[in-house]
Each structure stands twice: as C-alpha cells, then as structure tokens.
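Peer 1: Residue numbers (the working numbering), protein chains in the order written: chain A, 1 to 170; chain B, 1 to 242.
Warning: the hint list may mix true and false statements.
[As the list claims (entries may be wrong)] Below, simulated DSS-like cross-link-like pairs (lysine-lysine); rule was C-alpha separation at most 27 Å, straight line:
1. Lys119/A to Lys136/A
2. Lys159/A to Lys117/A
3. Lys9/B to Lys159/A
4. Lys136/A to Lys9/B
5. Lys9/B to Lys154/A
[Said to hold, decoys possible] Under 7 Å between C-beta atoms, here's a sample of chain B residues computed to sit facing chain A:
6. Glu29
7. Glu30
8. Ala47
9. Ser49
10. Arg50
11. Ala56
12. Val60
13. Leu61
By construction, these hints were calculated from the structure, which means they are not laboratory data. These figures come from a predicted structure and were not determined experimentally. All C-beta atoms in this analysis are idealised placements derived from N, C-alpha and C, irrespective of residue type, glycine included.
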Amino acid sequence: LVARIRGGDQAAVAVLHERFSARIYFIALREMRVAADAEDVRNETLFRVLEAIKGGRLASPAALPAFVVATARNVMREFGRQQRRTEPILERDFAAPHRDFPAEYEAQQAVESVIRKLKPRERTFLRLFYYEELSKEEISRQLGVPEERLRLIKSRALKSFREIYGRLVR
Amino acid sequence: MTHEEIEQKDIVEAYVLNRLSDADRQAFEEHFFACDACFAQVQETDAFSRGIRSAAESDVLPLPEGSSGERSGWLWPAFALSIAAVLVLGVATAWLAIVRLPELRSEAAARQRSLEDAQKRSGELEQQLALNRSTAAEPNLPLVMLEASRAAGTANTLSIPGGSSRIALWMEIGSTAPSVFRLEVRSMDNQLVENVAGLERNRYGALTASVPAEHLKAGTYNLRLFAAEGSLVSAYRLEIRR
Chain A
1 LVARIRGGDQ AAVAVLHERF SARIYFIALR EMRVAADAED VRNETLFRVL EAIKGGRLAS
61 PAALPAFVVA TARNVMREFG RQQRRTEPIL ERDFAAPHRD FPAEYEAQQA VESVIRKLKP
121 RERTFLRLFY YEELSKEEIS RQLGVPEERL RLIKSRALKS FREIYGRLVR
Chain B
1 MTHEEIEQKD IVEAYVLNRL SDADRQAFEE HFFACDACFA QVQETDAFSR GIRSAAESDV
61 LPLPEGSSGE RSGWLWPAFA LSIAAVLVLG VATAWLAIVR LPELRSEAAA RQRSLEDAQK
121 RSGELEQQLA LNRSTAAEPN LPLVMLEASR AAGTANTLSI PGGSSRIALW MEIGSTAPSV
181 FRLEVRSMDN QLVENVAGLE RNRYGALTAS VPAEHLKAGT YNLRLFAAEG SLVSAYRLEI
241 RR
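Build out the structure end to end from the sequences listed, making use of the hints.
Peer 2: Here's what the structure looks like:
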C-alpha cells in the first residue's frame, strides 16, 4: 500500500482512507467528544500521513498503523492546545457529554433490550461495572458472586448486545 | 501487544473503560489500527458501555437499594465520615475521662447535697401541707370576717362549735398596705394567746389566718395586725363564744 501510494496510485489512497478513517475518527471522538472535531482530526491526520508516505518519511511499511496512531495523537494534542487558547474557560473546563457517536440511539435500544432479559443481580453488576466503575473484585465482594460468574454474565450480555445492535445498525 | 494477550487480559474492555496505562493504550491502538476483529470488538464494547451508562443515567438501570457505587464519589466520603466520627468519639472519651469525669463527680456530690436539702425542705413543706389539708378538709370551719374595732366600735363575734380544731380569721386590708403581715391575738389582760407570722394576701387581696381553736377560750380578745417591719396596720376585737 505504501509503495502504491508513493507511486501515485489514487486507488491506494482510497484504500488508506478506508482502512484508517473509521479508526482515527473513533479514537478522536473518544478524546474530543464532538463529531466536528473528530472529523477535523481525521482529515488532518490522513492528510499528514499521506504527505509523509509521499515524502518518504515513513520508516517501514509495517510501521504504518503505529505511524497513523502517532500522527492522530499529535493532531489531537495540537487541536487541544488551539481550543484551550480560543475557547472560553467554561466550555473547556466542563467536558462535553458523550455525543455524536455513530448509532448512539441503536446502542441504547440494544442495551435496554439486553437489560430487560437480565436478572436483577445481573443488572446490578452491569451498572456497577460500567457506570459506577467498580472492579470485578469489588463487585464480587459486594454481590457475593464469584468473579468467574461475573465474567460469564458480562460476556453473555455483550454477546446478546452484539446480536441486537448488529441487527439494528445493519 | 499480541492477540492472545489482548484476550487474556481483557484489554478491549480495559481500553473502553479507560483503565489502561498510556503505554498500553498506545500499544493497543497500534494493534487495532491493523486488526479488524479487535477494532470491531472495541466499537461494540464501547457502544455497549455507552448504552449502559445512558441507561444508568436515565434510570432504566437504577442502582438497587443496599448496593454501593463509587462513581458518584459518595462511598469514600461516607467512609471518611466514619473515620472522623471514630476520631471525634475517641477524643471526646479521653476528654471525658481526664477532665470531665472529676468535674462531674464533684458536681454530682454537690447535687446530692442539694437534693438532700430539697428533700428535707420538701418534708417540712409536706408536713405543713398536711396541716393545711386537715384545716381545709375540716367541715364547717368557723370563719369570721373581721372589721377593724376602731371603725366599727363593736366586737366581732365567732361561735366555735364543739369539735372544731381551728378557726379562720379573714381580714380586709387596703391595697397600699405591705405584703407580709403578723397577727397578734391577746387576751383582754394583754396575754399573748397566738402569734401568726408571715401572713400574705390571698387571691382576693385579703389576709386569712388560721388559729388553733383550743387556744381561744370563750371571751373577748384584742387582735392586732402588724406589718413585717413592726408598724401597726389594723386592730380588731373578737368575741369567742363556745
């Protein structure tokens, strides 16, 4: 891919976009929390990566994924610094809520569907683990449920979620 | 970071929940930028986690009573509160043992003495009350409303039936008179028959004095009412009939 891009293959550039675009957007949205910012990070990152490949600054083709990640992180840091300089204090001190994630509504619908099928103790575990952010050890102690059992509950709930979520977003 | 390591250590979940170190996060991102399976897992787990958070915040997934969570940060303050309570209790106990206990013992002894005094006074008052009750309870207590002898010029008369233990004397006095009085009852030969001190106005503004009936034989008596400081307030003449 790297060689094709260097050779001026436009189809290779499209492949680069297709392979990394969603990933860059994903980590950028987790960090920036706003879709427009994440899109800016994605575009800027892909532009810089492309320029680096064309300019022969990529050490080896195998290092491409790590290079893309590092470039995206650099772009996010730069955007973060610019925002701190230009945004009012209130806006930067109170992080925007999670929003603009793709298929947010479908994710909520799928989770509610999963929750309805769970026993009360299983629901409590999911809340304590994902929302209250307790460790499995702590939850195991609180609920009197072995960690292995918790692991099983989580993996079953996640599997069920994947099936429902997959159907909803397709 | 290998695929096996990622599965064994639940790296996907730790990444989604931001529980990885910076180095591990970077290593894992480098991995899933090249691994479609891991990126799919990350996306699904992240969507699931956000869905759970959203459900928790919208009360679709409420925290049951009796469970505790740390996210809201109340667990630690509650624990800190307990520690603080224990410390305060400890200091208070030491202060009580060293400083307050001797003081309290001293206060207790003083209160005991005060209580004994009060009980003694109470006993005396009860005796007095019993005496008053016996007077009040006596049916047909002989009562005379005295009129000042100089104004009326005639003696007041009181017939004492047999069996009466006491008589009551009622004296109307002016409103400007002092508040505490003493009544002397003397025979016509000026012998002191009865001296009733500490008389105070009743609710009608008058004075009432209770005198043992046995002290008053049939005959005429001069009664003189003095203020507490000794000045004469009024004088009465009383004829006792048996």
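Peer 1: Now tell me if each hint is right for this structure.
Peer 2: We went through each hint and held it up to the structure:
1. Lys119/A to Lys136/A: Holds: Lys119/A and Lys136/A sit about 18 Å apart, inside 27 Å.
2. Lys159/A to Lys117/A: Cα-Cα ~13 Å, so holds.
3. Lys9/B to Lys159/A: 18 Å, holds
4. Lys136/A to Lys9/B: The hint holds at about 13 Å.
5. Lys9/B to Lys154/A: 15 Å, holds
6. Glu29: With Cβ-Cβ at 5 Å, under 7 Å, it holds.
7. Glu30: 4 Å, holds
8. Ala47: 4 Å, holds
9. Ser49: Check passed: Cβ of Ser49/B comes within 5 Å of chain A, closer than 7 Å.
10. Arg50: 6 Å, holds
11. Ala56: Holds. Min distance 4 Å.
12. Val60: For Val60/B, the interface hint holds, since the closest Cβ of chain A sits about 6 Å away, which is under 7 Å.
13. Leu61: Interface hint status for Leu61/B: holds (5 Å vs cutoff 7 Å).
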